[in-house]
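Enquirer: Each chain, letter by letter, is given below.
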Amino acid sequence: MTTDSLQARPDELAPRTTTTASGGRSRRRLLRTGAGRQHHAGPLAYILLGIAALTSLFPLYFTMVAASTDNTRVTQTPPPFLPGPNLFSNLAKAWEDAAMGKALLNSLIVAGSIATATVLFATLAGFAFAKLRFKGRNLLLMLVIGTMMVPPQLSVVPLFMMMSDLGWGQKLPSVIFPTLVSAVGVFFMRQYLSEALPDELVEAGRVDGAHSLRIFWSIVLPVARPAMSVLFMITFVHAWNDFFWPFVALNMENPTVPVALTQLSAGYVKDQSVIMAGALLGTLPLLAMFIVFGRQIVGGIMQGAVKG
Amino acid sequence: MAPFFLIFTAFSLYPLLYTFWISLHKVELATLDIMEWKGFGNYTELIQDDQFWNAFANTFTIGVISTVPQLMLALGLAHLLNYKLRGSTFFRVAALAPYATSVGAAALVFTMLFERDFGMINWFIELFGVDGVDWEDSKWPAQFAISTIVIWRWTGYNALLYLAAMQAIPRDRYEAAAIDGASRWQQFRQVTVPGIRSTIVFTIVLSTIGATQIFGEPLIFGQGPNGISGGADNQYQTLGLLLYEAGWKNYQMGRAATVAWAMFLIVILVFLLQRLLQRLTSSRSS
Numbered sequence: 253m254t255t256d257s258l259q260a261r262p263d264e265l266a267p268r269t270t271t272t273a274s275g276g277r278s279r280r281r282l283l284r285t286g287a288g289r290q291h292h293a294g295p296l297a298y299i300l301l302g303i304a305a306l307t308s309l310f311p312l313y314f315t316m317v318a319a320s321t322d323n324t325r326v327t328q329t330p331p332p333f334l335p336g337p338n339l340f341s342n343l344a345k346a347w348e349d350a351a352m353g354k355a356l357l358n359s360l361i362v363a364g365s366i367a368t369a370t371v372l373f374a375t376l377a378g379f380a381f382a383k384l385r386f387k388g389r390n391l392l393l394m395l396v397i398g399t400m401m402v403p404p405q406l407s408v409v410p411l412f413m414m415m416s417d418l419g420w421g422q423k424l425p426s427v428i429f430p431t432l433v434s435a436v437g438v439f440f441m442r443q444y445l446s447e448a449l450p451d452e453l454v455e456a457g458r459v460d461g462a463h464s465l466r467i468f469w470s471i472v473l474p475v476a477r478p479a480m481s482v483l484f485m486i487t488f489v490h491a492w493n494d495f496f497w498p499f500v501a502l503n504m505e506n507p508t509v510p511v512a513l514t515q516l517s518a519g520y521v522k523d524q525s526v527i528m529a530g531a532l533l534g535t536l537p538l539l540a541m542f543i544v545f546g547r548q549i550v551g552g553i554m555q556g557a558v559k560g
Numbered sequence: 004m005a006p007f008f009l010i011f012t013a014f015s016l017y018p019l020l021y022t023f024w025i026s027l028h029k030v031e032l033a034t035l036d037i038m039e040w041k042g043f044g045n046y047t048e049l050i051q052d053d054q055f056w057n058a059f060a061n062t063f064t065i066g067v068i069s070t071v072p073q074l075m076l077a078l079g080l081a082h083l084l085n086y087k088l089r090g091s092t093f094f095r096v097a098a099l100a101p102y103a104t105s106v107g108a109a110a111l112v113f114t115m116l117f118e119r120d121f122g123m124i125n126w127f128i129e130l131f132g133v134d135g136v137d138w139e140d141s142k143w144p145a146q147f148a149i150s151t152i153v154i155w156r157w158t159g160y161n162a163l164l165y166l167a168a169m170q171a172i173p174r175d176r177y178e179a180a181a182i183d184g185a186s187r188w189q190q191f192r193q194v195t196v197p198g199i200r201s202t203i204v205f206t207i208v209l210s211t212i213g214a215t216q217i218f219g220e221p222l223i224f225g226q227g228p229n230g231i232s233g234g235a236d237n238q239y240q241t242l243g244l245l246l247y248e249a250g251w252k253n254y255q256m257g258r259a260a261t262v263a264w265a266m267f268l269i270v271i272l273v274f275l276l277q278r279l280l281q282r283l284t285s286s287r288s289s
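Taken in sequence, the protein lines are chains G and X. In short: position in the first sequence from 1, add 252, done, that's this note's numbering. In short: position in the second sequence from 1, add 3, done, that's this note's numbering.
Just so you know, these hints were derived from the structure itself, not from any lab. Some hints could be false.
[Claimed, not checked] Here are the simulated SDA-like pairs of lysine to any residue, each with C-alpha atoms no more than 25 Å apart in a straight line:
1) X:Lys41 to G:Ser407
2) X:Lys87 to G:Thr307
3) G:Lys522 to G:Leu356
Small disclaimer: the values here were computed from a predicted structure and weren't measured.
Let's have the full structure, built from the sequences with the hints guiding it.
Expert: Put into structure tokens, the structure is as follows:
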């Protein structure tokens, strides 16, 4: 059921300069399947897509507009549609009043460590599952897939008790450690590597007498790089936006961005434009990433449904 | 598949069983190591608690109001994105921008747009002479507003999943349908939708699991203490909020574990229903 949405197809992710073996294969497949429908879009399609894009982007634009005015202007009707002059002073207020500075740093640490560890473990495990033959391989893979299906909120109560046993209550490790390894990531890398990495390359390394770790370093890593960077960005987005468990595990003195944003809404800050400035601060890092790497992230999501 | 289910049960069973074990006890947040045996006491209390059934019903209605339009809109959007387009990268990235917005930021800006006195949505409907709505105060407007946040955040993401599946449909199927005289709409119904069937099932399962766990949107929409209780009359309290309220506001961890188990049973129930539906529809079409 899930397999076709979880497949990482190398022909879309890899740059065109990868080995000729996989490049040739993917080009043939493209010819065979075609790219779905080939109709050109008519004016109506463009109008509808324009409305869709506007709906997607307007709330973000309005966040920026509201964050650049002041409380009196935001709470008037008609609401403001154009930016005002107070963007930087509001950002500075949000930075101080709502602990957004600390929250941004915490989120950077949390999302950065989770994404780094996930990519590392997922690439290692994905390589092992895709290319190494060892006893119990299929059994282990099923185990990994099995953990994908555990609903996260079910483990919140035992997890919370465990963290307070460990003395990690309210501390960053309590949100980092439970999500260091992602089964979805392992599956994603396995699918990618089993197609993108030719067996002959691994065999050639073996013949040259390289051990598995050396093969991993000098043969697997270069091939896996495009998928690794996509997995990093998608995991980063998810870890940055993860809400329920950080909200339970952390407090307002030591929050991640989403946790600090709930504080903004809960009446600690009265000025509506400062609230919006906080929301903007919490979103800007990811939006910047999207503006630069949007195409790669879109490709990654289309190649593998990485959610949660 | 038999060993798969064995391992799945073995592995996902641990947090499940531990949560269940906790749910059979009275455990207070301040004294987590003291567990007082209660048997099924938490469960009988939960079943007799109107607030639980209220949260159950709210989770269901918010789930339906957010999931059904979301997936239908995603299907339409994917269809549009599947045309040959100028600027297709722009449209795809724009569709995905809400996915990059954290639930906190999204809920904050929508809370402002749905504000009773100065919100843009009330301003807009008042332009047409319709009275503004107190979105937070009454049940259906609040649930509609909360669902809007969910729909906004996830439609583009699901559309990209559908688009990926649509692009894998062999073109000759469309050609064959066109030769048979099928109109574009018929091609969409008879080629596109069956062609991405497994992805549709996948997104339904994911969105349903997501919907049973809705938490951040109503929490922030309530702005403060009203958030955890899901409104003054619990009019939009979901099971996720009830779990949090039980464990971390009322300090009853055993009770929170009981709510978690109830949520799990609901997910199982949805899966069984979906299986049943799938079997019914596939036996009808074959």
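Enquirer: For a quick check of understanding: which of the numbered hints are violated here, in increasing order?
Expert: Going through the list in order, the structure violates no hint and respects every one.
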